[in-house]
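Chains W and R are the protein sequences, given in the same order. As numbered in the working numbering, residues 865 to 1284 make up the first sequence, in order. As numbered in the working numbering, residues 374 to 538 make up the second sequence, in order.
Treat each hint with caution, since some may be false.
[Stated by the list, open to error] Derived pair list, reagent style SDA-like, types lysine to any residue, alpha-carbon separation capped at 25 Å: (1) R:K421 - W:P1251; (2) W:K1141 - W:G1028; (3) R:K499 - W:R1017; (4) W:K971 - W:P1106.
[Unchecked claim] Simulated restraints, written as ranges between beta carbons of each label pair: (5) R:R483 - W:S1144: 37 to 45 Å; (6) W:Y1118 - R:L535: 42 to 50 Å; (7) W:R909 - R:R408: 24 to 32 Å; (8) R:G384 - W:Y1118: 50 to 58 Å; (9) R:D503 - W:P1062: 52 to 60 Å; (10) R:N490 - W:E950: 43 to 51 Å; (11) R:I375 - W:G1270: 26 to 34 Å; (12) R:T504 - W:L1109: 56 to 64 Å; (13) W:R1102 - R:D503: 55 to 63 Å; (14) W:P1232 - R:R534: 44 to 52 Å; (15) R:N494 - W:H1020: 25 to 33 Å; (16) W:G912 - R:R408: 29 to 37 Å; (17) W:K890 - R:G506: 45 to 53 Å; (18) R:G384 - W:A1116: 34 to 42 Å.
Note that these hints are calculated values from the structure, not bench results. These numbers were taken from a predicted model, which means no experiment stands behind them. Don't be surprised by glycine CBs; every beta carbon is placed ideally from N, CA and C.
One letter stands for each residue in the lines below.
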Amino acid sequence: MNISEKILAAASGRDEVAPGEVVDAKVDVAMINEITGPLAIEAFREIGVERVWDKDRIVMVLDHQVPADSVKSAILHKVMREFAEEQGILLYDVGLGGVCHQVMLEKGHARPGELVVGADSHTCTYGALGAFATGIGSTEMAAVFATGRIWLRVPHTVLIRVTGRFQRFVTPKDLILLIVGEVGADGAIYKALEFTGPTIEGMSIGGRMTLCNMAVEMGAKTGIINPDKAAVAYVQSRTDKPFALLRSDPDADYEKTMEVSSLEPQVACPHSVDNVKPVSEVEGTPVDQAFIGSCTNGRIEDLAVAASILKGRRVRKGVRLLVTPASQEVYLESLKLGLLEIFVKAGAYVCNPTCGACFGGHMGLLAPGETCISSSNRNFVGRMGSPEAMIYLASPATVAASAVVGEITDPRRLMAEGRP
Amino acid sequence: MIVKGEAVIFGDDVNTDVIIPGRYLTTLDPEELARHAMEGLDPEFPSKARRGVIIVAGKNFGCGSSREQAPIALKYAGVRCVLAESFARIFYRNAINIGLPVLECPGILREVSPGDNLTVNLAEGKVRNDTKGITLEALKLPDFLLSIIRDGGLIEHLKRRLGTA
Ligand code: SF4
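Go ahead and model the full structure; you've got the sequences and the hints to work with.
Here's what the structure looks like:
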């Protein structure tokens, strides 16, 4: 069996499961945020059960619209606080957490071998640590709150083996954009995507999170990576809760193999995530806004690579660059490392940890006809504001370089030419 | 379980941001959500859907976020059923959980024109195009999903099971 099958077998109390089978599985951890949570809470109350199945296995996060930007959001936040208080559930309130997925990982709530469900589609990010993690809706979450169980179809797995070394300023984001372009937005519906190979083993945990995060952009149920020493060290530095190390048996066949040594920075063009082109084909496209942040690319290595490009340079006049650390922890670390100073001096606008501009909810919205280059994960029509705006997705390095030049730019070229 | 309605047609990869944009997610009121259903693709949709329609779409319907507000907006706007070549998995589960019938129906886009009258037999997994006089096979829903739809969604279904109704 592979890692996904082993986790689902363990969660459903069976020795073995096969793809296509439907299992009734026990949930290890469940997560809600303030966009999906209030509906789940309402539905939970309607079911008529008084207490959640296990208050210690639920995590609540305020992240999409923090601090509250309107009375409506404030009410949603209040609903969340009251439920957390009433049930004794851990809540990451304003100032304590950040983007829900980043919080789940860095606070040790998602661990290897576990079945984690979150009422947010990018829950698949936790596969970076060897958890089987998938997004569900609010009503389904209410059922999990009541019963601690969920039905799941055991997915078929697509194995992607990656070899080679990244060039400077080419990042895991470029790799996953290339993969999304090849697999397609619906190419992995109902499936699990497992990443493996020497490049993955040498990749930072943050980079692995970026890969697994975008599995859902291909329709996948989850993205997952076998936990190695680095993953175990990461988890143990963040929690002392025990976990089981489940790994794929070694006789796997690969459906796809990729080599990254000659990989160019990649850009997903409007209006779909799988409309991916090498940066050379879109260089020169003028941008109005640039965004570095989100659960895909708001981590410390993302801010660090962006800062290395922005250091001593300035954001082009007429362009606004928004930088949003993914969590309080990332914010503090970038403060200590002096990254925030670099951003501010470059003329970037540093925002509080939040989903922010990523989903066009409450900050950094786009006007009709404007173009944004973003380090986030979706470029659907209307995602970041006006339906008449254009969104390009790229790595934090490409976003930073583009903000400096005022048009989509290959970061390798900017740095090689040493242009101001 | 029989559902009838006029066909409204959309293409591939209809995502949750066009079904209900993120800026409307601060409301829990289904009627207000319904007023913005499909705003990203067709601002006239809510007035068209009011008389009761069946959405016919291409592959990967409902891709994107896990927002349950998407199927809720469609259901309250007057959508009685969604027939698509394929669905994004979270949307698929959400729709069934809130009691909006969804059926995977390979080849459906070729056999239906806007405004055709459709009759869907959920239990049998059959779609009849009454205007064109043809019947299409859809993928039958497993019994336990049918029973959730029959009970009006997951909440009602659970209430029965847990005896809290
Ligand atoms: S950062 Fe963007 S994609 Fe990630 S959880 Fe927030 S809104 Fe969703």
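Structure-based check of all given hints:
| no. | hint | result |
| --- | --- | --- |
| 1 | R:K421 - W:P1251 | 21 Å, holds |
| 2 | W:K1141 - W:G1028 | 20 Å, holds |
| 3 | R:K499 - W:R1017 | 23 Å, holds |
| 4 | W:K971 - W:P1106 | 14 Å, holds |
| 5 | R:R483 - W:S1144: 37 to 45 Å | 38 Å, holds |
| 6 | W:Y1118 - R:L535: 42 to 50 Å | 44 Å, holds |
| 7 | W:R909 - R:R408: 24 to 32 Å | 25 Å, holds |
| 8 | R:G384 - W:Y1118: 50 to 58 Å | 33 Å, violated |
| 9 | R:D503 - W:P1062: 52 to 60 Å | 59 Å, holds |
| 10 | R:N490 - W:E950: 43 to 51 Å | 49 Å, holds |
| 11 | R:I375 - W:G1270: 26 to 34 Å | 58 Å, violated |
| 12 | R:T504 - W:L1109: 56 to 64 Å | 58 Å, holds |
| 13 | W:R1102 - R:D503: 55 to 63 Å | 59 Å, holds |
| 14 | W:P1232 - R:R534: 44 to 52 Å | 49 Å, holds |
| 15 | R:N494 - W:H1020: 25 to 33 Å | 29 Å, holds |
| 16 | W:G912 - R:R408: 29 to 37 Å | 30 Å, holds |
| 17 | W:K890 - R:G506: 45 to 53 Å | 50 Å, holds |
| 18 | R:G384 - W:A1116: 34 to 42 Å | 36 Å, holds |
The structure shown violates the earlier hints numbered 8, 11.
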